[in-house]
Amino acid sequence: MARLPRLALAGQVHLVTLRCRAGQTMFVDDEDRRRYGVALLESSREHAVAVHAYALLDDQLLLLASAPEPASLGRFMQAVARRYVRPFNRRHCRVGALWEGRFRSTVIDPASFLLVCMRWVEQAPVREGWVATAGDWVWSSAAHHAGRKTDSIVTEHAAYWQLGNTPFERQAVYVRESAVMLSDAVANELLAAARHGWPLGPPAFLSALADATERPLQRRPRGRRATPNGRTKVG
Numbered sequence: 208m209a210r211l212p213r214l215a216l217a218g219q220v221h222l223v224t225l226r227c228r229a230g231q232t233m234f235v236d237d238e239d240r241r242r243y244g245v246a247l248l249e250s251s252r253e254h255a256v257a258v259h260a261y262a263l264l265d266d267q268l269l270l271l272a273s274a275p276e277p278a279s280l281g282r283f284m285q286a287v288a289r290r291y292v293r294p295f296n297r298r299h300c301r302v303g304a305l306w307e308g309r310f311r312s313t314v315i316d317p318a319s320f321l322l323v324c325m326r327w328v329e330q331a332p333v334r335e336g337w338v339a340t341a342g343d344w345v346w347s348s349a350a351h352h353a354g355r356k357t358d359s360i361v362t363e364h365a366a367y368w369q370l371g372n373t374p375f376e377r378q379a380v381y382v383r384e385s386a387v388m389l390s391d392a393v394a395n396e397l398l399a400a401a402r403h404g405w406p407l408g409p410p411a412f413l414s415a416l417a418d419a420t421e422r423p424l425q426r427r428p429r430g431r432r433a434t435p436n437g438r439t440k441v442g
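Position 214 of the sequence shown, counting from 1, maps to 421 under my numbering, and the rest follow consecutively.
If you're looking for bench data, these hints aren't it; they were derived computationally from the structure. Hints should not be assumed to be uniformly reliable.
[As the list claims (entries may be wrong)] Below are the SDA-like pairs computed for lysine to any residue, each with C-alpha atoms no more than 20 Å apart in a straight line:
id, residue 1, residue 2
1, Lys356, Thr224
2, Lys356, Thr373
3, Lys356, Ala339
4, Lys356, Thr340
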């Protein structure tokens, strides 16, 4: 089966994952993480991509971002790689590709899924057992949303602003919500959506997306389907 094109739509929020090749690591030390953060910031400004949440893990990147044009997200990710991979290889005396393949992404409805996806992204270090709370992980947007620091990488989405009238109110509400870990079922649903490119949102949102792209937005159900000669075959 031919691989579907990546779903990328102007102005929409995208949930993005990028994994290292098996047995590799994206970051050997905190200096690598600092450099990757700089690459994220510079590339987001270069391509006008708004990063709403992120987490730098040992073997993968988790990201929520909006782009002004369909091609902007891919250009942004390519720019991050150009800024990071060659210096990383040189610094650690290695050669070859770092990623397992292209980044994976899907589109989400911010009204229904933005805050859930933010929690999923920022809770990743907690799920790994590295920290007790999301805000304790320095290399993510969690501390920014908790009010512990200002992160220049982050552009807050309108759905986050609706949590309160002041920064203190928004931060307090988000800290309370993010302290509750998402269930494994929800976490697996978000990961599967990002990996396979199936958008997340209510029917009205999915219907609007269908008007904006010819790409299939849902997995075709398995079963019998008609062939051009009128016969049927199992799909």
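How the hints compare with the structure:
1. Lys356 / Thr224: 24 Å, violated
2. Lys356 / Thr373: 16 Å, holds
3. Lys356 / Ala339: 18 Å, holds
4. Lys356 / Thr340: 15 Å, holds
Checked against the numbered hints given earlier, this structure breaks only hint 1.
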